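Enquirer: Sequence:
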Amino acid sequence: MTSVLPSASASREDFVICSICLFCFQVCMLCSVGYHLFSCHRSEKTCRRWMALDYAGISIGILGCYVSGVFYAFYCNNYWRQVYLITVLAMILAVFFAQIHPNYLTQQWQRLRSIIFCSVSGYGVIPTLHWVWLNGGVSAPIVQDFAPRVVVMYVIALLAFLFYISKVPERYFPGVNAKSLSEVSTV
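Position 170 (the sequence shown) corresponds to 170 in UniProt numbering; numbering is contiguous.
Simulated from the structure, these hints should not be mistaken for laboratory data. Where hints are given, some of them may not hold.
Heads up, simulated SDA-like pairs for lysine to any residue below, C-alpha to C-alpha not over 20 Å straight-line [what the hints assert, rightly or not]:
| no. | residue 1 | residue 2 |
| --- | --- | --- |
| 1 | K167 | V16 |
| 2 | K167 | S32 |
| 3 | K167 | L129 |
| 4 | K167 | R113 |
| 5 | K45 | P102 |
| 6 | K167 | R48 |
| 7 | K45 | Q99 |
| 8 | K167 | G34 |
So the derived label-pair ranges between C-beta atoms look like this [to be verified]:
| no. | residue 1 | residue 2 | range |
| --- | --- | --- | --- |
| 9 | R49 | R111 | 20 to 26 Å |
| 10 | I86 | Y154 | 20 to 26 Å |
| 11 | S7 | L93 | 34 to 40 Å |
Bear in mind that the values here come from a model prediction, so they are computed numbers and not experimental data. Built from N, CA and C at the ideal position, the CB exists for glycine as well.
Produce the entire structure from the sequences given, and follow the hints as far as they go.
Expert: Below, the structure is given as structure tokens:
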């Protein structure tokens, strides 16, 4: 970041937005690493706490995507930038409040968890379509440059969600990671 942004004559605001985005992604990855590393703990309570932290990390990662995307898409339109950033922040806070609920990690809430994350992620289509409209439609050069990248991002997110709901590879190799970790720790 220190070599790319200065060469682009980036402002302090650009550094802050990029830092927020990268920080959110790092928190997401650290929460995921913590869950996958400690989910083989003997205590189910500890495992559930790490799972909750993993879900919170996913929410923070989604927030990082929105902050940078909305900030730069609506850079010249301060009103819509604030509307979308506040809306996304409110949605992420609602997700955090749902995650506090004692039944959030239960099997009965699995469908609701999926709906919540799909709704928060899917909401990004609204500011994206609004951005396309504000920039003159699909034929505008800036839209033709960035729209395919947004589509690729959503395709990757869809693939990740399909892995999540299908429980691949855990479905086909149950306990393999836990066994390999426990063998390493006994050496």
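Enquirer: K45 and Q99 were given as a pair; does the straight-line alpha-carbon distance stay at or below 20 Å?
Expert: holds, 15 Å
Enquirer: Can the suggested window of 20 to 26 Å be confirmed for the beta-carbon pair I86 and Y154?
Expert: Check passed, 23 Å falls within 20 to 26 Å.
Enquirer: Can the restraint linking K167 and V16 be considered satisfied, given a maximum Cα separation of 20 Å?
Expert: violated, 37 Å
Enquirer: State, for the Cβ atoms of R49 and R111, whether the hinted interval 20 to 26 Å holds or is violated.
Expert: holds, 22 Å
Enquirer: Quick one, are K167 and L129 close enough, alpha carbons at most 20 Å?
Expert: Given pair K167, L129 is violated - Cα atoms ~32 Å apart, limit 20 Å.
Enquirer: Given the hint of 34 to 40 Å, check if S7 and L93 actually sit that far apart at their C-beta atoms.
Expert: This hint holds: roughly 36 Å between Cβ atoms.
Enquirer: Are the Cα positions of K45 and P102 separated by 20 Å at most?
Expert: Distance of about 12 Å is within 20 Å: holds.
Enquirer: Holds or violated: K167 and G34, Cα atoms, limit 20 Å.
Expert: Since the Cα atoms of K167 and G34 sit roughly 19 Å apart, the hinted pair holds (cutoff 20 Å).
Enquirer: Given the hint that K167 pairs with R113, does the C-alpha gap stay at or below 20 Å?
Expert: Roughly 14 Å separates the two Cα atoms, so the pair holds.
Enquirer: Could you grab the alpha-carbon distance between K167 and S32 and see if it respects the 20 Å cut-off?
Expert: holds, 16 Å
Enquirer: Does R48 lie within 20 Å of K167 when you go C-alpha to C-alpha?
Expert: holds, 17 Å
The structure fails hints 1 and 3 (numbered hints given earlier, in ascending order).
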